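Peer 1: Model the placement of chain B on the given structure of chain A, informed by the hints.
Just so you know, the protein sequences line up as chains A and B, in that order.
Taking numbering that gives the first Met the number 0, the leading residue of the first sequence gets 0, the next gets one more, and so forth.
Taking numbering that gives the first Met the number 0, the leading residue of the second sequence gets 0, the next gets one more, and so forth.
If you're looking for bench data, these hints aren't it; they were derived computationally from the structure.
Everything numeric in this text was worked out from a predicted model, so none of it was measured.
Be aware that one or more of the hints could be misleading.
The list cannot tell twin chains apart, which means a pair is met if one copy fits it or any two copies do.
[To be verified] List time: in silico DSBU-like cross-link candidates among lysine-lysine, alpha-carbon distance up to 35 angstroms:
1) K252 - K171
2) K160 - K55
3) K217 - K160
4) K160 - K197
5) K160 - K199
6) K260 - K55
7) K66 - K197
8) K108 - K224
9) K217 - K171
10) K168 - K191
11) K46 - K231
12) K81 - K55
13) K63 - K199
14) K55 - K231
15) K160 - K171
16) K191 - K252
17) K54 - K256
Number of protein chains: 2
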Amino acid sequence: MDQRAIGMFDSGVGGMTVFKELMSSLPNEDIIYIGDTASFPYGGKSKETIIELSKKQIQNLINKNVKMIVIACGTATSQALKEMKHLFSIPIIGIIEPTAIYLKKENIKNIGIIATAGTIRSRGWEEEIRRKIENSHIQSRACPLLAPMAEEGWIDNEIAKLVIHEYVKDLKDIDALVLGCTHYPLFQRLIKQELSEKVKIINTGKMVSNEVKEYLKKNHLENEKAHQPNYKIYLTDTECNFIQVASRLVQDKTIIKNIEKI
Amino acid sequence: MDQRAIGMFDSGVGGMTVFKELMSSLPNEDIIYIGDTASFPYGGKSKETIIELSKKQIQNLINKNVKMIVIACGTATSQALKEMKHLFSIPIIGIIEPTAIYLKKENIKNIGIIATAGTIRSRGWEEEIRRKIENSHIQSRACPLLAPMAEEGWIDNEIAKLVIHEYVKDLKDIDALVLGCTHYPLFQRLIKQELSEKVKIINTGKMVSNEVKEYLKKNHLENEKAHQPNYKIYLTDTECNFIQVASRLVQDKTIIKNIEKI
Numbered sequence: 000m001d002q003r004a005i006g007m008f009d010s011g012v013g014g015m016t017v018f019k020e021l022m023s024s025l026p027n028e029d030i031i032y033i034g035d036t037a038s039f040p041y042g043g044k045s046k047e048t049i050i051e052l053s054k055k056q057i058q059n060l061i062n063k064n065v066k067m068i069v070i071a072c073g074t075a076t077s078q079a080l081k082e083m084k085h086l087f088s089i090p091i092i093g094i095i096e097p098t099a100i101y102l103k104k105e106n107i108k109n110i111g112i113i114a115t116a117g118t119i120r121s122r123g124w125e126e127e128i129r130r131k132i133e134n135s136h137i138q139s140r141a142c143p144l145l146a147p148m149a150e151e152g153w154i155d156n157e158i159a160k161l162v163i164h165e166y167v168k169d170l171k172d173i174d175a176l177v178l179g180c181t182h183y184p185l186f187q188r189l190i191k192q193e194l195s196e197k198v199k200i201i202n203t204g205k206m207v208s209n210e211v212k213e214y215l216k217k218n219h220l221e222n223e224k225a226h227q228p229n230y231k232i233y234l235t236d237t238e239c240n241f242i243q244v245a246s247r248l249v250q251d252k253t254i255i256k257n258i259e260k261i
Numbered sequence: 000m001d002q003r004a005i006g007m008f009d010s011g012v013g014g015m016t017v018f019k020e021l022m023s024s025l026p027n028e029d030i031i032y033i034g035d036t037a038s039f040p041y042g043g044k045s046k047e048t049i050i051e052l053s054k055k056q057i058q059n060l061i062n063k064n065v066k067m068i069v070i071a072c073g074t075a076t077s078q079a080l081k082e083m084k085h086l087f088s089i090p091i092i093g094i095i096e097p098t099a100i101y102l103k104k105e106n107i108k109n110i111g112i113i114a115t116a117g118t119i120r121s122r123g124w125e126e127e128i129r130r131k132i133e134n135s136h137i138q139s140r141a142c143p144l145l146a147p148m149a150e151e152g153w154i155d156n157e158i159a160k161l162v163i164h165e166y167v168k169d170l171k172d173i174d175a176l177v178l179g180c181t182h183y184p185l186f187q188r189l190i191k192q193e194l195s196e197k198v199k200i201i202n203t204g205k206m207v208s209n210e211v212k213e214y215l216k217k218n219h220l221e222n223e224k225a226h227q228p229n230y231k232i233y234l235t236d237t238e239c240n241f242i243q244v245a246s247r248l249v250q251d252k253t254i255i256k257n258i259e260k261i
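Extracted from the complex, chain A is given alone in its bound form (with noise of 0.2 angstroms):
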């Protein structure tokens, strides 16, 4: 009922997975991202500078005519999801969330999280799921080689499989891990090698398409009209790696095509 597209934004390239997600989960819908590269990486920046960043960034994706936002950006959701939702009227979703709620309605309490540095320094993803469920333990672990693994293409050789050892074999007695960086569903399969069986490994993208399908519907937003979708990618700043990188990180090349400077 609403042929607008959905728009996204990330910090850089890591979004793409959700891009991903987001066009197979809803594959009538058209979806406008916005990679802004030109301030890459979120992670080691202030909450102030965060919130300025997100602002202009929702900004845009407005003036692009979008019917609803996700910010596919750990730090950016950690840090600014809630200034933004005072300061616009549009939806927006975090990526945070909508794994807290499936964490809670699954009555998942022993949770694992692995993310940046920036990311786990800024407790968003543990504060959000302690707000959602109580009586949680969260053990969280920093893994600050694993998104320039996943940039290298290294998703599957031994230096990997060391490497995400070093990284998860200190997670204990967890029922569920959380994959809470955008770069880290390239190592799923490695991952799930290291942990027992019964561990549930949770793609953030993924929830975050059911999450906003489920939202196009209940608000009866969905696009109805029959189309080869169209995709489009702004960058802030085109002097980068992204094409190579997001090839990587979606493995499907078609996909980044329709770039632009913004």
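Peer 2: Below, chain B without anything else, positioned relative to chain A:
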């Protein structure tokens, strides 16, 4: 004869290894360091953006009344040094030229360069060395995992060994290997193990401090007043793990005090 401080800036914490070299070879000089942590890393940014950022930090240093400036950042050196020299009359030394001068003086022609992906992509090292040394044969290798590994403190474990092996194994018949990123001196020992005895490993921080020393001497700009030198660190964004990482890089916590937001 000139008691003003030496100014230096980097996009983040990496330049602290250069800071350390300056301290040890010029024990009488005051040093002011700016870490442009709000814009870290410069790696993925366009030339235009890096020129703007460099201009701002050089102006900040000039306002602090420094006598000369070291750009302790590979990306800023390769993208903006020439423009900064045009724009400002204060002496400015980058991180690349001192090494190229040394290689020329030693008549080394088969040269390996390892650096971050952004630095390698910018071709700054390669072009400067080619300009200085005729018939040089250069092999470059981007090593995106080394900087985060240094920040993680994994400088001597099995993973570090494997990663370094992977990065240097294809560099054949080189006589010198340039550590083109300020984080890499931490891996000097492991890198040495991977290479033949005769390969010189070039710590660019050392090259820079030699060049600064020579420049000050030649121009009678040394601080000859006997005193306990003042070291001051400014960050453009203080909410980052600068102190933790800097301690690892310089392996001396006492250096990292007196930090302020600029």
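Peer 1: Any hints from earlier that this structure breaks? Give me their numbers in increasing order, please.
Peer 2: 2, 3, 7, 8, 9 and 13
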